[in-house]
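Asker: One letter stands for each residue in the lines below.
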Amino acid sequence: MTNNLKVIVIGGGHNGLVCASYLAKAGLSVQILEARDSVGGACAPIIDNNGNKLAGLAHASYGLNMQILKDLDLPALPIQLSLDTISLSEDGSHITFANNSVSGRKISERDSKSYRGFIEEFKKYSEALDVLTTNIPPRLKDMDWHDKKTLIKIGWNLRFGLGKKLMREFLRVGGINIFDVLNEKFDDPAIKGAIAFDAVLGHKMGPRTPNTVLSYLQKISFGENNSLCRSDNLSTLLEEKAKSLGVKILTNSKIDRIIIEDGICKGVKLESAEIFKSDLVISNADAKTTFLKFVGTEYLDAMFSHRVDSIRQEGAVARINLCLKALPKDQNLEGDKLFQRLIIAPDMQYVEHAFNHSKYGEYSDHPILEMIINRVEDRGPSVNSITATISASFAPYDLKGGWGKNRNLFVNRVFETIEKYIPGFNNLVKSYELLTPCDIEEQYNCVGGHWHHGEMGIDQSFMMRPVHGSAQYKTPCKNLYLCGASAHPGGGITGLPGHNAAKQIIRAI
Amino acid sequence: MENFDAIVIGAGHNGLTNAAFLAKAGLKVLVLEKNEYIGGATASLELHKNWKYSNCSYVCSLFRPEIYQSLDLGRHGLEVVPLQGSVTFKQDGDYLGSYHQSDLWRREVARHSKKDADAAVRFDADLMKWCRLIRGFLLRTPPDPASFRPRDALEFAFLLKKFYSLSESELYEFIRFFTMSIANYLEQYFESDVILAHFSGGSIIGTGLGVYSPGTAYVLLHHAMGDVDGNVGSWGFARGGMGSVAAALSSSFLSFGGTIRKSSEVKKITVSNQTATGVELVSGEIINANAIISNLDAKRTFLKIIDESDLPEDIVKRAKNFKIRGSSGKVNIALDGMPIFSALPDKSPLTLGHMHFSDTLERLERAYDDWKDDRWSSDPYVDMVIPTQYDPTMAPPGKHMMSVFVQYCPVSPEGGWDDKKKKAFGDTVINQIGDYSPNFKDLILHAEIRTPHEIEKEVGLTEGNIFQGELTLDQLMFNRPFPGYAQYRGPLKRMYMCSSSNHPGGGVMGAPGANAAREILRDFKRKNTTPEDFGDD
Numbered sequence: 004m005t006n007n008l009k010v011i012v013i014g015g016g017h018n019g020l021v022c023a024s025y026l027a028k029a030g031l032s033v034q035i036l037e038a039r040d041s042v043g044g045a046c047a048p049i050i051d052n053n054g055n056k057l058a059g060l061a062h063a064s065y066g067l068n069m070q071i072l073k074d075l076d077l078p079a080l081p082i083q084l085s086l087d088t089i090s091l092s093e094d095g096s097h098i099t100f101a102n103n104s105v106s107g108r109k110i111s112e113r114d115s116k117s118y119r120g121f122i123e124e125f126k127k128y129s130e131a132l133d134v135l136t137t138n139i140p141p142r143l144k145d146m147d148w149h150d151k152k153t154l155i156k157i158g159w160n161l162r163f164g165l166g167k168k169l170m171r172e173f174l175r176v177g178g179i180n181i182f183d184v185l186n187e188k189f190d191d192p193a194i195k196g197a198i199a200f201d202a203v204l205g206h207k208m209g210p211r212t213p214n215t216v217l218s219y220l221q222k223i224s225f226g227e228n229n230s231l232c233r234s235d236n237l238s239t240l241l242e243e244k245a246k247s248l249g250v251k252i253l254t255n256s257k258i259d260r261i262i263i264e265d266g267i268c269k270g271v272k273l274e275s276a277e278i279f280k281s282d283l284v285i286s287n288a289d290a291k292t293t294f295l296k297f298v299g300t301e302y303l304d305a306m307f308s309h310r311v312d313s314i315r316q317e318g319a320v321a322r323i324n325l326c327l328k329a330l331p332k333d334q335n336l337e338g339d340k341l342f343q344r345l346i347i348a349p350d351m352q353y354v355e356h357a358f359n360h361s362k363y364g365e366y367s368d369h370p371i372l373e374m375i376i377n378r379v380e381d382r383g384p385s386v387n388s389i390t391a392t393i394s395a396s397f398a399p400y401d402l403k404g405g406w407g408k409n410r411n412l413f414v415n416r417v418f419e420t421i422e423k424y425i426p427g428f429n430n431l432v433k434s435y436e437l438l439t440p441c442d443i444e445e446q447y448n449c450v451g452g453h454w455h456h457g458e459m460g461i462d463q464s465f466m467m468r469p470v471h472g473s474a475q476y477k478t479p480c481k482n483l484y485l486c487g488a489s490a491h492p493g494g495g496i497t498g499l500p501g502h503n504a505a506k507q508i509i510r511a512i
Numbered sequence: 403m404e405n406f407d408a409i410v411i412g413a414g415h416n417g418l419t420n421a422a423f424l425a426k427a428g429l430k431v432l433v434l435e436k437n438e439y440i441g442g443a444t445a446s447l448e449l450h451k452n453w454k455y456s457n458c459s460y461v462c463s464l465f466r467p468e469i470y471q472s473l474d475l476g477r478h479g480l481e482v483v484p485l486q487g488s489v490t491f492k493q494d495g496d497y498l499g500s501y502h503q504s505d506l507w508r509r510e511v512a513r514h515s516k517k518d519a520d521a522a523v524r525f526d527a528d529l530m531k532w533c534r535l536i537r538g539f540l541l542r543t544p545p546d547p548a549s550f551r552p553r554d555a556l557e558f559a560f561l562l563k564k565f566y567s568l569s570e571s572e573l574y575e576f577i578r579f580f581t582m583s584i585a586n587y588l589e590q591y592f593e594s595d596v597i598l599a600h601f602s603g604g605s606i607i608g609t610g611l612g613v614y615s616p617g618t619a620y621v622l623l624h625h626a627m628g629d630v631d632g633n634v635g636s637w638g639f640a641r642g643g644m645g646s647v648a649a650a651l652s653s654s655f656l657s658f659g660g661t662i663r664k665s666s667e668v669k670k671i672t673v674s675n676q677t678a679t680g681v682e683l684v685s686g687e688i689i690n691a692n693a694i695i696s697n698l699d700a701k702r703t704f705l706k707i708i709d710e711s712d713l714p715e716d717i718v719k720r721a722k723n724f725k726i727r728g729s730s731g732k733v734n735i736a737l738d739g740m741p742i743f744s745a746l747p748d749k750s751p752l753t754l755g756h757m758h759f760s761d762t763l764e765r766l767e768r769a770y771d772d773w774k775d776d777r778w779s780s781d782p783y784v785d786m787v788i789p790t791q792y793d794p795t796m797a798p799p800g801k802h803m804m805s806v807f808v809q810y811c812p813v814s815p816e817g818g819w820d821d822k823k824k825k826a827f828g829d830t831v832i833n834q835i836g837d838y839s840p841n842f843k844d845l846i847l848h849a850e851i852r853t854p855h856e857i858e859k860e861v862g863l864t865e866g867n868i869f870q871g872e873l874t875l876d877q878l879m880f881n882r883p884f885p886g887y888a889q890y891r892g893p894l895k896r897m898y899m900c901s902s903s904n905h906p907g908g909g910v911m912g913a914p915g916a917n918a919a920r921e922i923l924r925d926f927k928r929k930n931t932t933p934e935d936f937g938d939d
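Protein chains in written order, with the working numbering: chain A, 4 to 512; chain B, 403 to 939.
Any given hint could be a false lead.
Unchecked claim - Subject to a maximum C-alpha distance of 25 Å in a straight line, what follows is the list of computed PhoX-like cross-link-like pairs (lysine-lysine):
| # | chain 1 | residue 1 | chain 2 | residue 2 |
| --- | --- | --- | --- | --- |
| 1 | A | K188 | B | K722 |
| 2 | A | K272 | A | K251 |
| 3 | A | K28 | A | K506 |
| 4 | B | K531 | A | K144 |
| 5 | A | K403 | B | K492 |
| 6 | A | K126 | B | K719 |
| 7 | A | K167 | B | K722 |
Don't read these hints as lab results, they were simulated from the structure.
Kindly produce the complete structure, drawing on both the sequences and the hints.
Answerer: Laid out in structure tokens, this is it:
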């Protein structure tokens with residue numbers, strides 16, 4: 004082992020930055036090659052056509068995993084960036100989720116008590132699974148010592164951390180849909196709709212789709228204190244940290260190929276034909292891009308390529324960047340409330356109907372939405388417009404008839420929907436910009452434009468993420484590793500895939 | 403008054419299987435049935451003069467051969483006629499025929515897609531692997547993951563050993579198979595719409611899930627378990643209709659000295675000191691026994707025939723949350739002659755098996771979307787068979803009986819069921835068949851339309867769910883019916899459960915009945931009479 008190993012990280016998304024920082028900290032010489040003109044990936048701020056600086060694709064997140072913040076000596080996101088979630092209602096009786104509680108005009112005592120119990124229960128599940136998310140997923144056969152340790156820890160946590168009763172309950176609900184679980188716990192349709200919204204946003208799933216308990220759990224597990232934050236300057240923080248640890252960053256460097264000789268990864272070739280030789284290559288790109296585009300199937304086993312090709316990875320969320328003429332005036336959204344995370348998902352049937360369309364390659368008639376209006380003080384000195392960002396689902400990647408002329412139709416559906424909940428909204432829109440999953444694919448170099456680099460169903464999670472044969476951050480090619488959201492534990496702004504990958508790489512060398 | 407060792411509530415096929423194994427071990431067993439006929443959902447009834455309808459279950463696909471042998475059902479008159487092939491009709495007038503002969507099947511697939519013909523070989527081999535693995539679990543009692551008893555630990559060790567007979571890659575593939583949707587699973591193999599739809603249909607039968615719902619892939623096994631490994635006897639029609647299954651079971655049971663009382667509806671299980679002591683009939687009669695075994699589904703057992711005050715609070719809550727969702731209906735039709743299908747050549751053997759009319763995944767999934775909103779599917783998935791082609795005992799000479807299973811049909815459409823809606827539902831199905839068969843509508847002599855409402859009322863299946871509880875991960879194996887109660891013992895002492903609400907679930911399989919008998923005999927310290935292992939593994 005030498006400490007002077009040369010490492011190339013393909014892609015400077017937040018996972019690439021985290022992984023690079025860990026490796027640099029361990030004494031390796033790390034070079035990040037980023038295709039875009041800035042690092043940060045989905046966290047990097049977006050500059051719209053009018054020159055306004057907007058939050059990145061991931062405009063709200065639960066923040067990086069605590070362990071990573073500690074290890075890399077990063078500050079936790081300041082509390083003033085934390086966001087409540089307000090689920091809008093047509094009749095103005097919105098409900099607010101904040102600090103593990105729910106409140107609103109029509110919320111019954113029973114439901115608000117159930118909600119606290121529900122969050123507590125799910126927190127416990129996610130704590131029990133923490134060993135799994137912060138570690139390399141164990142193999143199920145030919146286990147090494149680490150795999151066994153992880154498995155035993157998981158078993159111990161489930162049986163003794165949760166206790167007999169909760170463990171049984173976890174084994175019951177773990178594999179099913181959020182629809183049934185919420186129906187058992189709550190009466191109020193708005194609470195159920197809002198929780199179901201969180202379980203499905205970013206995925207191509209509806210509340211009734213089994214696996215949505217898991218996807219919700221994965222979201223919850225991201226939040227140490229279950230509070231969403233705006234992730235405005237996360238990418239800058241990570242970039243500075245990486246640089247201070249000695250990581251070299253080169254932007255505008257699109258990868259053409261990963262160089263494989265005799266099954267061993269030797270470096271990368273850029274589209275500019277420039278060649279970077281290195282001892283290790285770590286890809287923060289999604290598995291399909293990495294294997295099918297950069298490596299090429301000629302260097303891979305046929306069954307392996309087939310599995311990678313079969314990964315379900317069609318994005319279903321569109322992003323809309325807005326410029327508003329003025330702030331909306333709504334008596335039910337006074338003061339600070341307007342700047343929280345506003346969602347439209349009034350009940351589970353609404354969400355399910357929105358999802359139905361996506362199965363057939365149609366966009367939702369009545370989409371589910373998440374909107375964040377930027378605070379005045381966040382606009383920056385040079386900009387004088389009021390801006391907002393919207394995540395709108397479902398807007399399938401493989402839209403029937405293509406996105407071309409459907410772009411405006413879809414945006415109109417979105418605005419009409421908001422108008423119903425915030426009257427007068429339509430007239431406030433000065434200009435907008437739509438990013439469909441196809442645009443996201445192109446701009447962020449991620450096949451399918453999927454938020455999480457692949458659906459997070461059970462069959463694409465844990466030791467099967469992205470596919471078995473490459474689930475422990477290793478790949479069939481020697482010295483090539485994965486560190487992006489395609490790898491366990493998947494998407495979200497956690498930094499965990501990067502952290503776990505670094506752990507694996509350091510262990511391997 | 404006579405004294406019984408055990409009382410089985412409900413003479414469905416699981417109740418009878420259970421009772422027969424207990425009687426075989428020398429217990430004195432009484433079976434109580436509310437209807438004037440036995441069999442529950444495995445019944446043959448004359449609803450139209452001279453026609454025998456298998457009006458609920460219609461194919462004898464999963465009945466365990468081990469049970470058939472150990473209860474000697476052949477000698478008691480059960481004859482299963484193997485079923486041949488199946489066909490999916492396409493909207494464009496073509497069809498996909500599935501033949502038993504592998505050469506014919508391959509050529510037929512190749513006609514639709516050359517690539518899929520190659521994939522079919524890989525697919526069959528993979529499916530067969532999962533079959534072999536899963537079959538070993540059916541006739542075993544699921545272990546409790548939260549327990550430390552040596553028995554559970556040993557059972558887990560046994561299961562793990564089975565799993566570890568797979569290679570690492572197969573292991574992951576198996577987990578994926580268990581958690582994927584049938585559509586996504588098949589899309590890894592096939593490209594042709596009609597082939598995808600042909601295989602997918604079977605995975606949604608009786609469930610409240612769609613072809614794109616994760617967790618539907620493994621249901622495919624229920625279909626493959628009979629016919630992939632050449633075990634043809636286990637996939638077919640019972641001669642004389644499904645009632646023959648019940649008749650043979652009851653004949654076997656009676657030969658061991660058992661007693662069956664029909665028209666004896668149980669009002670409640672009597673309990674004292676948290677111990678089940680007997681049953682009280684609707685007539686007021688009280689019968690005591692040392693073991694009370696319920697063959698009713700979990701909801702009926704705990705919410706209808708046991709007083710809430712006799713049960714732990716937790717159980718009542720669990721029973722209320724137990725998911726039993728009616729999603730299917732049935733149309734049984736008496737035909738004046740054999741219908742002609744325009745797509746098929748004359749005398750094609752393909753009418754001998756299952757017939758389907760859904761040729762794309764989208765049509766299947768849209769049928770599910772209708773049901774989610776409490777409507778019956780406007781373009782339903784049907785599983786249609788004409789058993790009289792094999793079994794002339796079911797209709798007069800030259801005439802035919804057709805059984806059409808319909809997916810999806812809601813428990814209660816908006817405003818509830820009435821005669822008008824019921825007829826409209828039936829017409830939807832009949833019109834769909836009529837689109838593919840020009841003379842079909844003229845041949846109809848009588849049609850019986852069954853919605854979940856009728857199935858619940860007559861057979862006693864809550865919400866008309868044919869599996870007595872959804873087959874989703876929260877209700878399978880050690881979770882079925884409730885976590886901690888998956889070993890056939892109820893929350894009361896001396897009370898047991900043997901219905902399809904227990905592992906391994908629904909279908910005319912007999913396995914829950916046999917497994918429950920094993921546990922009861924263990925508690926009674928009697929010799930085990932139930933089969934446990936497969937000869938071929």
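Asker: Now, for every hint given, state plainly whether the structure supports it.
Answerer: Now the hints, each set against the structure:
1. A:K188 <-> B:K722: Given that 25 Å is the threshold and the Cα spacing comes to 12 Å, the pair holds.
2. A:K272 <-> A:K251: The hint holds at about 17 Å.
3. A:K28 <-> A:K506: It holds: about 12 Å lies between the C-alpha atoms, which stays within 25 Å.
4. B:K531 <-> A:K144: 18 Å, holds
5. A:K403 <-> B:K492: 22 Å, holds
6. A:K126 <-> B:K719: Between K126 (chain A) and K719 (chain B) the Cα gap is close to 23 Å, so the pair holds against 25 Å.
7. A:K167 <-> B:K722: Given that 25 Å is the threshold and the Cα spacing comes to 22 Å, the pair holds.
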